[in-house]
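Colleague: Listed here are the chains, written in short residue letters.
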Amino acid sequence: MFLNFIVFFQMCPVSELILNLTDQYGHERTSLLPILQGVVQQENYLSEYAMIEIARALNLSAAEVYGTATFYSFLEYKKMGKYLIRICKTISCSMKGKNQVLMAIEDMLKIKVGETTPDGMFSLLQTNCLGFCHMAPAMLINFDVYTDLTPEKVREILSGYLNRKGGANDTRI
Amino acid sequence: MTTKIKIIINDKQIEVAEGSSIVDAAVCAGVIIPTLCFHKDLCVAGNCRVCVVEIAGQKRLSAACATPCEEGMEILTNSLKVRNARKQIIELLLSEHNADCTLCYKNGNCELQKLASDYKIMTQDFIQLAPLRKYQIDHYSPSMIKDDSKCIRCQRCVRTCAEIQGVSALTAAYKGDRMKIATFFEKPMNDVVCTNCGQCINHCPTGALVERNYIEEVWDALANKDKFVIVQTAPAVRVGLGEELGFEPGTRVTGKMVAALKRLGFDAVMDTDFSADLTIMEEGSELLMRLKKVLVDHDPNVKLPLATSCSPAWIKYIEHMYPDYLDHLSTCKSPQQMFGALVKTYYAKHFNLNPENIVSVSIMPCTAKKFEANRPEMHDSGYRDVDYVLTTRELAIMIKQAGIDFLKLDDRSFDQIMGASTGAGVIFGATGGVMEAALRTAYELVTGREVPFENLNIMPVRGMEGVREASILIENPLPDWSFLEGVELKCAVAHGLVNAKSLMDSIVSGESQYHFIEIMACPGGCLGGGGQPIPTNPEIRRKRALAIYAEDQGMPLRKSHQNPEILKIYSEFLTEPLSEVSHHLLHTHYTPRERF
Amino acid sequence: MTPGYDLKRVDFIFQTESDWKEILQKSLSRPPAELINELISSELKGRGGAGFPTGLKWKLAADELSPIKYIICNADEGEPGTFKDREILSKVPMKVLTAMAVCGFVIGSLEAYIYLRGEYFFLKPALNKAIQEFQATCHDLNFDFRIKLFMGAGAYICGEETALFESMEGKRGEPRNKPPYPTSFGYLGKPTVINNVETLAHTYTIFKYGAKRFYDLGVQYSRGSKLFSVSGDSPKPGIYELELGMSLLDFVHDFGDGDTKAVQVGGASGFLVPQKRFAETTIGFQGKLTGISLPTGGSMMLFNSSRSMYNVLDNYLEFFREESCGQCTPCRVGCQQLLNGIKAVKRGEKTGQYLDKLLRLTETMQYTAKCGLGQSVANSFSSIVENFREEMIY
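Chains Y, E and S, in that order, are what the protein sequence lines are. Numbering of the first sequence is given in the working numbering, commencing with residue 1 and proceeding in unit increments. Numbering of the second sequence is given in the working numbering, commencing with residue 1001 and proceeding in unit increments. Numbering of the third sequence is given in the working numbering, commencing with residue 2001 and proceeding in unit increments.
The hints are simulated quantities; they were obtained by calculation from the structure and are not laboratory data. Hints may contain errors.
[What the hints assert, rightly or not] Listed next, the stretches of chain E that the computed footprint assigns to chain S, with coverage defined by at least 3 CB atoms under 8 Å from CB atoms of chain S:
#1 1047-1054
#2 1057-1065
#3 1083-1093
#4 1124-1131
#5 1175-1181
[Stated by the list, open to error] BS3-like cross-link-like pairs, simulated, lysine-lysine; straight-line CA separation at most 25 Å:
#6 Lys1180/E - Lys78/Y
#7 Lys1081/E - Lys1006/E
#8 Lys2178/S - Lys1180/E
#9 Lys2021/S - Lys2091/S
#10 Lys1225/E - Lys1262/E
#11 Lys1081/E - Lys1059/E
#12 Lys112/Y - Lys1225/E
#13 Lys1134/E - Lys1081/E
#14 Lys2059/S - Lys2026/S
#15 Lys2350/S - Lys1087/E
#16 Lys2171/S - Lys1180/E
#17 Lys2343/S - Lys1134/E
#18 Lys1262/E - Lys1227/E
#19 Lys1349/E - Lys1225/E
#20 Lys1134/E - Lys2350/S
#21 Lys1490/E - Lys1303/E
#22 Lys2343/S - Lys112/Y
#23 Lys2171/S - Lys1501/E
#24 Lys2091/S - Lys1040/E
#25 Lys153/Y - Lys2236/S
#26 Lys2178/S - Lys1004/E
#27 Lys82/Y - Lys2124/S
#28 Lys2021/S - Lys2124/S
#29 Lys2357/S - Lys1087/E
#30 Lys2129/S - Lys2026/S
#31 Lys1040/E - Lys1501/E
#32 Lys79/Y - Lys1225/E
#33 Lys1120/E - Lys2357/S
#34 Lys2357/S - Lys1081/E
Cβ coordinates follow ideal geometry from the N, Cα and C atoms, glycine included.
Here chain Y stands alone, though its shape is the one from the complex:
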């Protein structure tokens, strides 16, 4: 049921998605974050168009939506790859070899932090504490957590993603 819901969303253009989200959450300002999250979940980022449509739906100024969205690290406002890698750079992960892991990812995907692979599959970002300090270093790929990373392990994980690249059931959930 839940999955069907997602598939349904995938077929909709952004404005229809926003319509569905406002139906679900309402038109009050309190629903702004859930709606922004809903769009990011589906589109991987918030385009100018999406923000304008959200502003229209909630009767806010476009700038207010922009100002709110840019406050939150998980509400991307630049186009992101299908798989968004966020590697934790905070103290424990940094102590336990985050940089080696990061270099392994950069080397494998041929992108630097902040970049997206030319095929639009992967984007690489650093993030603040993910709350897996006892299993450092940790990273998120979309919303899946990977911990106790080593360069070898991260290469294996990414290979898995590369192999299922383009798979129909890959959503950000």
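Please arrange chains E and S on chain Y, whose structure you already have, making use of the hints.
Modeller: This is chains E and S only, laid out in the frame that chain Y set:
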């Protein structure tokens, strides 16, 4: 009756109303606490932390603007702890700020600069952060310039745009060290819903938001012997200009202003009040014509209420926010643009001048007027109707640059033929003034009698309430207007776009039925305009309004239709209100714009 | 407490939650005032780090007359080195939901939210399922209590209670001025009880076993047990429930790798304790026992002698520079100056004395910042710079 509580500020015991902030209470104790993000027009933010004070028994310092007094509170505003902290906060602000004061437009009128001077910040040990950023100056708007390198993130502009204007073109964006004031996707100000009202400029403590100035262009024109430079001055300028030049708020400096303009070298100094009177003739006639078409002809294409069109920020606002309601706007150009169109036609013809050689300058309390003059449709004279728009502040700068001792100037009078005006033209500068002026003329036109208010003062439309309503019952009209017998003419006045919004929403919803509404974008009307002297606050605006009404009261003529020059221009040039010539030169159309 | 004392492990939080219906039913049948008194006498203090007495918080909200009140479970666990709340919500969510419902019963509120940090998105489906089951039970008990999950979106500052309200209201997570406090003016301006996940879980223990069982643990001013998130240079990182009031020396003896140089207590916003002060430091809320007593949200990060304290501080400051909301001057500019300042000292562009200016700056930040984030940057900065000054310079 509010409860009084006792508090002690620096050893002095005082009684204040419960709930007063420490900043307000301190004033009662004769203590001025420095502030930056605090502004009387705006909600409390408490984010600059310059106003911190020490409260006995508390380890941390408190922001005086955001902390309510409590019974028995002992407050120290100048303890060593407070002074050290405050000084360090000012140092921090300076470290983030592009402090090239000598190169700054706001040099000499900057609240941060004043604080740095008061606290004698003579060294800067902290690392300069501004050069580490790649700031870009937004100078694309014809009205204003936004320079983030001078911004101290107090968010006064953001609150102004939201709370006073209800526009929210500006927002705080990002967080942490990247936090800044931005438009939607950091687009230039002229690409977003900004109305160019300039209230953000009026409320900015530093030089981060300033008007785009045309001072040098005007100096160049004045120096050019081939050019005939004409200047018009808006009603609100004469009650504000003095503040920049040594007078108390609320001082009328009409005669000195005219004298100064002549000393600056303008070839003719004339009065926008003249075209304000003209606006009343045109707009008043338009109102009566619309009433007839609606009430008698039942013409579905004619819309009521008629909305005033003098305020260019209001025009841009309605174009963005209520594009379906543009038919409600009076087609009359603003007095500035009527004047501009006439200068290069009627005036040029009268004095046998080649309009090509005329430079038309206006002095306005407004930054949106710069945008208005720049509109493509404002070329009905065959030339750009108004070449340069200067704010009250820019005029003051020119007067200072010219070395004119303003205080000692003798009063001079406006030149003819577009320099005569009535009290009705003067009150255009205050919220409710256009309404009052229009009613003075329209009522008399319809009934042959003066408006039934003592001394012609239509008090219900005056004041500083955000939205005000008034109605006049029309009885015994002249035969031509018999259809108005018994009609209660319903009017409303709003100032500040946030109030305009509530008025418009009540009209859109059908909740309110008015015949005529006046909307001014700025708080208090033009006297509180975005081009007026800084600072602005409710007290200053109240004083300027008193000055405006005093000016009106002192005029021999107080009804637009009595203005002899108005009678003259109709007989010699325009023939009658809403004539073909009028339509060509004095009326305009509007452009629907995107809200987002 | 003397050094050499074995740390007392406690097992309350992760004890089975299978009796939650019983606890819920039992609690809902007691007079609200009695429940508040139970909490007050347990001396439970907020486990998010600030340590406000929980019973008093509930009482303040209960005394408000508003017909609408809210309960919010703060699960925006963002403090570096803290990961206990996620564990509670994954393993014993019913305890937290039960505690929220009891709180609702006590203060007169039917609407509650869990503000879950965006990083824990993967918890959402399971938590929603738990909420559904819980609400069905509430319904059966004729207690129409609604709990909604609200997802954060990646902002450490939203763990600050008023910033969290702003965030839920669809705004930037900028902390508000206080007063007014949440119990009178919280979410949407209504009286609101906002409790940390662990705090709520402890109330479950108290309602189950009575205040005394809880009060008997710990020491004066710091009663009960607490979850500790252990990370860094430890052979056994993880989550441990320990009695409050323990000495840091005992803690290091148990959790250190034999080479512990310093422990960061309370995450990036907490204090760094160097080895020489382990013995005199106890973990609790206030009051001097044998030395200093440090409050904590439960983050215990151990550093051994291979670690450079300069790098540790650099990492914290970068964290704060990015995670400050940016609205108030001392925090926004102060964090940038501290980070740029230690870098400049390290590179030799500024002398070692510049560190003293930065220490004075942290004092100003502590006194003047608008919220706890800016105020607490001073903690790690001064404790690291004062104890490891030489590492900052060379």
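Colleague: For every hint, state whether the structure bears it out.
Modeller: Going down the list of hints, with the structure as the test:
With 5 residues having a Cβ less than 8 Å from any Cβ of chain S, the segment 1047-1054 of chain E passes the three-residue criterion, so the hint holds. Residues of the segment 1057-1065 of chain E lying with their CB closer than 8 Å to a CB of chain S number 4, which satisfies the three-residue condition for coverage. With a cut-off of 8 Å between beta carbons, the segment 1083-1093 of chain E has 6 residues touching chain S; three or more are needed, and the interface restraint holds. Counting residues of the segment 1124-1131 of chain E whose C-beta lies closer than 8 Å to any C-beta of chain S gives 4; at least three are required, and the coverage claim holds.
With 5 residues having a Cβ less than 8 Å from any Cβ of chain S, the segment 1175-1181 of chain E passes the three-residue criterion, so the hint holds. Of the supplied pair hints, the one linking Lys1180/E and Lys78/Y holds, its CA atoms being roughly 18 Å apart against a limit of 25 Å. Note on Lys1081/E and Lys1006/E: the hinted pairing holds, with a Cα-Cα distance of about 24 Å set against a maximum of 25 Å. Annotation: proposed proximity of Lys2178/S to Lys1180/E holds, straight-line Cα distance about 24 Å (limit 25 Å).
Restraint check for Lys2021/S and Lys2091/S: the C-alpha separation of about 16 Å stays at or below 25 Å, so the hint holds. Among the hinted pairs, Lys1225/E with Lys1262/E is consistent with the structure: their alpha-carbon atoms are about 15 Å apart, no more than 25 Å. A distance of roughly 10 Å separates the Cα atoms of Lys1081/E and Lys1059/E; the hinted pair therefore holds under the 25 Å criterion. Distance restraint check for Lys112/Y and Lys1225/E: the Cα-Cα separation of roughly 62 Å exceeds the 25 Å cut-off, and the hinted pair is therefore not satisfied.
A hinted pair counts as satisfied when its Cα atoms are at most 25 Å apart, and Lys1134/E with Lys1081/E does not qualify at roughly 35 Å. Simply put, Lys2059/S and Lys2026/S have alpha-carbon atoms about 20 Å apart, close enough for the 25 Å limit, and the pair holds. For the hint linking Lys2350/S to Lys1087/E, the alpha-carbon distance of about 21 Å falls within 25 Å, and the restraint holds. For the hint linking Lys2171/S to Lys1180/E, the alpha-carbon distance of about 16 Å falls within 25 Å, and the restraint holds.
For the hint pairing Lys2343/S with Lys1134/E, the CA-to-CA distance comes to about 21 Å; that is within 25 Å, so the pair holds. For the hint linking Lys1262/E to Lys1227/E, the alpha-carbon distance of about 15 Å falls within 25 Å, and the restraint holds. Taken as a hint, the Lys1349/E and Lys1225/E pair is honoured in the structure, with Cα atoms around 20 Å apart against an allowance of 25 Å. With a CA separation close to 24 Å, the supplied pair Lys1134/E and Lys2350/S stays within the 25 Å bound.
In summary, the hint linking Lys1490/E to Lys1303/E is supported, as the alpha carbons are separated by about 14 Å, within the 25 Å threshold. For the hint pairing Lys2343/S with Lys112/Y, the CA-to-CA distance comes to about 24 Å; that is within 25 Å, so the pair holds. Proposed proximity of Lys2171/S and Lys1501/E is supported: the alpha carbons are some 22 Å apart, at most 25 Å. Restraint check for Lys2091/S and Lys1040/E: not satisfied, since their Cα atoms lie roughly 52 Å apart, outside the 25 Å limit.
Restraint check for Lys153/Y and Lys2236/S: satisfied, since their Cα atoms lie roughly 21 Å apart, inside the 25 Å limit. The straight-line distance between the Cα atoms of Lys2178/S and Lys1004/E is roughly 22 Å, inside the 25 Å bound, and the hint therefore holds. Distance check on the hinted pair: Lys82/Y and Lys2124/S sit about 21 Å apart at the alpha-carbon level, within 25 Å; holds. Distance check on the hinted pair: Lys2021/S and Lys2124/S sit about 22 Å apart at the alpha-carbon level, within 25 Å; holds.
Taken as a hint, the Lys2357/S and Lys1087/E pair is honoured in the structure, with Cα atoms around 13 Å apart against an allowance of 25 Å. Among the hinted pairs, Lys2129/S with Lys2026/S is consistent with the structure: their alpha-carbon atoms are about 23 Å apart, no more than 25 Å. Taking the CA atoms of Lys1040/E and Lys1501/E, the gap is near 22 Å; set against the 25 Å cutoff, the hint holds. Using a Cα cut-off of 25 Å, the hinted pair Lys79/Y and Lys1225/E is violated, with the two alpha carbons roughly 57 Å apart.
Distance hint between Lys1120/E and Lys2357/S is fulfilled; the C-alpha atoms sit about 18 Å from each other, no more than 25 Å. For the proposed pair Lys2357/S and Lys1081/E, the alpha carbon gap of about 15 Å is at most 25 Å, so the pair holds.
Hint check: violations occur at hints 12, 13, 24 and 32; the rest are consistent with the structure.
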